[in-house]
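Chains A and B, in that order, are what the protein sequence lines are.
Numbering-wise (my numbering), the first sequence opens with residue 42 and increments by one.
Numbering-wise (my numbering), the second sequence opens with residue -8 and increments by one.
Since the hints were made in silico from the structure, they are not lab data.
Check the hints yourself; a few may be wrong.
Said to hold, decoys possible - Stretches of chain A that chain B covers, calculated by requiring three or more beta carbons in the stretch to come under 8 Å of a beta carbon on chain B:
(1) 66 to 72
(2) 82 to 94
(3) 104 to 115
(4) 130 to 138
(5) 151 to 163
(6) 167 to 179
(7) 185 to 196
Stated by the list, open to error - Only some residues are given here: those of chain B computed to face chain A with a beta carbon under 10 Å:
(8) L53
(9) R77
(10) H241
(11) V283
(12) R320
All of these numbers come straight from a predicted model, not from anything done at the bench.
Using N, Cα and C, we set each Cβ at its ideal position, and we do this for glycine too.
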Amino acid sequence: KIERSERERGRKMGIRFILMVNKQGQTRLAQYYEWLTLEERRALEGEIVRKCLARNDQQQCSFVEHRNYKIVYRRYASLFFMVGVDDDENELAILEFIHLLVETMDKHFGNVCELDIMFHLEKAHFMLEEMVMNGCIVETSKANILSPIQLMDKAH
Amino acid sequence: MNSIFSGTRLRDMIRSIRACKTAAEERGVVRKECADIRASINENDPHDRHRNLAKLMFIHMLGYPTHFGQMECLKLIASPGFPEKRIGYLGLMLLLDERQEVLMLVTNSLKQDLNHTNQYVVGLALCALGNICSAEMARDLAPEVERLIQFRDPNIRKKAALCSTRIVRKVPDLAENFINAASSLLKEKHHGVLITGVQLCYELCTINDEALEYFRKKCTEGLIKTLRDITNSAYQPEYDVAGITDPFLHIRLLKLLRVLGHGDADASDLMTDILAQVATKTESNKNAGNAVLYECVETIMAIEDTSSLRVLAINILGRFLSNRDNNIRYVALNMLMKAIAFDDQAVQRHRVTILECVKDPDASIRKRALELVSLLVNENNVKQLTKELIDYLEISDEDFKEDLSAKICSIVEKFSPEKIWYIDQMLKVLSEAGKLVKDDVWHALIVVISNASELHGYTVRALYKAVLTYSEQETLVRVAIWCIGEYGDLLVNNVGMLGIEDPITVTESDAVDVVEDAITRHNSDMTTKAMALVALLKLSSRFPSISERIKDIIVKQKGSLLLEMQQRAIEFNSIVDRHKNIRSSLVERMPVLDEATFNVRRAGSLPASVSTMAKPSVSIPNGVAAAPLVDLLDLGSDDIMAAPSSSGADFLQDLLGVDLGSSSAQSGASPGPKAGADLLMDILSIGTPSPAQNNTSSVDLLSTAGINNNPSNALDTLSSPAPPHIATSASAGGMFDLLDGLSPSPSKEATNGPAYPPIVAYESSTLKIEFTFSKPSGNPQETNVQATFINLSPDTFTDFIFQAAVPKFLQLHLDPASSNTLPASGNITQNLRVTNSQHGKKSLVMRMRIGYKLNGKDVLEEGQINNFPRGL
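Model the full assembly from the supplied sequences, consistent with the hints where possible.
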């Protein structure tokens, strides 16, 4: 029976959503890997943002438990990156993933800021697409992530 | 894109949304944009599509409905150009989900694109399929994906691999087809292919036993070698994170090894060396290294026993726990919870540190630490740990007190070595966090106090002292006034002094002060006030010398704005005033409450028929002081109701401490009416004046066989044997109220086993919905609900339709309604069948929508039903 439980855990999704939110709590990018209705999404984003933004202290850890999610978040300048994961996902690895995501965007946009993401929402999504599929990490090399995007830019 | 088309550019739209100062302003801009987009969609100009969809995605992100753009996605996907396809697929993934039928229309395009000559188009299709495919699409397109796992370009192979994880999750039967392809991916060098291949294997292992066996036998060694290679690999700038080569791949490999090693000693044996190497060699000064260590510890703990490795793992967690970085401490606490399962002693060694974490300024750490502490408690350390936690309760943040006090209560209840300790600890918790504890906690405390007869004096004195200091803690006040009412005489006479107590001097008047304070305090709630009123009645008999003062306090409540209080005050006043001869027997001490029954009830295995007696519109519920006590006594539980006549009599006998058995037997009472009488007696907390009188009353009850249908009648007969004046209209009315809520349940229970009172599920100015419940025998998870829709308006409703939705743990089946036309003041019914897979754990909840036409106009009403009886 224990074995079953160990294997049951594999059924879970890993990354369930990725949010980018500014200091005022406005969503700037939202990617869900499970289906939520519009109302559920709005409510969830509101609750999470309130919780995370209230934890302004530098000393506090980067993890917040909310409903049946665990939120791993990190702030870069004015932008919060929040990743919702299942309870037994490796939190430290997700933190590292957020950093990789930011580095990748930096590499593309050059010191990425909120406005870059707002005005290039599609691009930001295309990058995410190259990094995560169905809640799992696809690629961890920045060059590999960006090459199809740069190629398309050139062709355009 | 250029700007000569009608409408604004994407950029301009974003700018104007950004410039909005208020939410209302933003809504205005979005509404206008949406209107433009709709118009543009209608014009069907392919040049606008790309821009429209980009705008829609932005609007969608802001949280506005965008369903009208779904078809545009499909058109874009079907267009030949790559940029159009690309945004079309992105829109598909963002705006649609697998449940929508529109999605089925895209299967064909996906199939074509999976076979496209341009590999980037293939990549787009794989990505979309991997993110949103439904079971049907998975079946249709699996062969294409299977083929693409062997595609020449690694960027396609990796996407095909992750796409396959979704396919096999949707259709587990397909798993077999992917086993070979997946194992070939494990031999790759490309990190992207490797990480996705490992993920696919992991997925296959979790859904298919053959796959698990296969990978265990064929791939364990290869995986170990791969892990060793990347652990020892030279610096690779593209994958290096703080000195670790691709920590993400490390972690995926460790996860897969965990599944392979778990439950298999041979496989576990093979991986011992590499796990030891990772655990000892990984740098722990950066986050990436710690992430790998953390995963490694989890794998060590999950695979088959290799004790030396486990020592290593526990040591790593110990190091984590003393780390200054809060993230590291958080994961340490998380993992120690799992470690308890196999090495309790090792975790116990860190108890002091863990207790410190309970006091951390960081709420996430505190929460984890508290969970962990509660797992560490055992008979030996309960006193010490509880003391620490209670000490901290005194100084903790307000918002943490609720969690903390709940945990302390559950620890104390579970491991309490003796009653006096339990009572002491609960008093401390109630003193610090009495506002926050749940009802069942203080109910349980009263049951324990009631059963600890040698501690009655001690407890009432301790409570008296506590309530003087912490009078704002509502539940503490409730328990205190209950005890003062019951054991007031022990308080003033210092009866039953324990050696540890300091004698205190409390006058009768002091004791009444406490109760008076509770009843007059403006922020006391109804339950507290009602309990105080009962306590006063009891004290009026215990303290005859100041009964005039007590009477005055009771009389003041006649002016209460709460109807219930008014009514009780009038009744109690009449008892104090005119019936001194029976008063002392009326207000005798409560009999010892039945602990076992209470515990069973509390665990939720019995339906709470008494506590749910009130319909929402009736004001009685637990407001009456006696009602919670009825709860505690569990009179309504079916085992008593359904029991043969003797048990009913026993119970009454217990309750009153009077031998009624013989008189009841003489009167030949059947269980039904007697149960009704029990309830009534108990609700008023009164004893019967004398056995002889009760005898007549039972007979009278019997003669009015319709007790359930006509409670007031039964009440009149019940009150008649008492001295004639007591049956004032007011008191009879009060009892009528009480019985009104109760009478349906005994009658149903007698026939059907557990029964549930009907509820008003919804009520608006025009429509009322009532639910009645029944359970089919044999399946406790299932509930049949009959919904009655009542038209409260003077007009006829046509096209009436009722829709309902339930959360995942419930299943709902709706039968057709008896009609779709609802005449004025008429009603129709509809049957619902609900299956609760979490029966006993979660209550029913339902969201509903009702649509109808009223005078030719569409009306839509919505609501959520949360007031289902417990235990359905």
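Structure-based check of each hint:
1. Check result for the region 66 to 72 of chain A against chain B: holds, 5 residues qualifying (beta carbon to beta carbon below 8 Å, three or more required).
2. Proximity of the region 82 to 94 of chain A to chain B, defined as three or more residues with a beta carbon under 8 Å from a beta carbon of that chain, is established by the 3 residues found.
3. Residues of the region 104 to 115 of chain A with a Cβ under 8 Å from some Cβ of chain B number 3, which satisfies the need for three, so the listed coverage holds.
4. Counting residues of the region 130 to 138 of chain A whose CB falls under 8 Å from any CB of chain B gives 7; the rule of at least 3 is met.
5. Proximity of the region 151 to 163 of chain A to chain B, defined as three or more residues with a beta carbon under 8 Å from a beta carbon of that chain, is established by the 4 residues found.
6. Coverage of the region 167 to 179 of chain A by chain B holds in this model, with 7 residues showing a Cβ closer than 8 Å to a Cβ of that chain against a need of three.
7. Proximity of the region 185 to 196 of chain A to chain B, defined as three or more residues with a beta carbon under 8 Å from a beta carbon of that chain, is established by the 5 residues found.
8. Interface restraint check for L53(B): the shortest CB-CB distance to chain A comes to about 7 Å, inside 10 Å, so the restraint holds.
9. Taken as an interface hint, R77(B) checks out: its beta carbon lies about 7 Å from the nearest beta carbon of chain A, inside 10 Å.
10. Of the supplied interface hints, the one on H241(B) holds, with its beta-carbon coming within about 9 Å of a beta-carbon of chain A, less than 10 Å.
11. The closest approach between the C-beta of V283(B) and any C-beta of chain A is roughly 8 Å, which is under the 10 Å cut-off, so the hint is satisfied.
12. Given the 10 Å rule on beta carbons, the hint for R320(B) holds: about 7 Å separates it from the nearest Cβ of chain A.
When the structure is compared with the earlier hints, no violation turns up for any of them.
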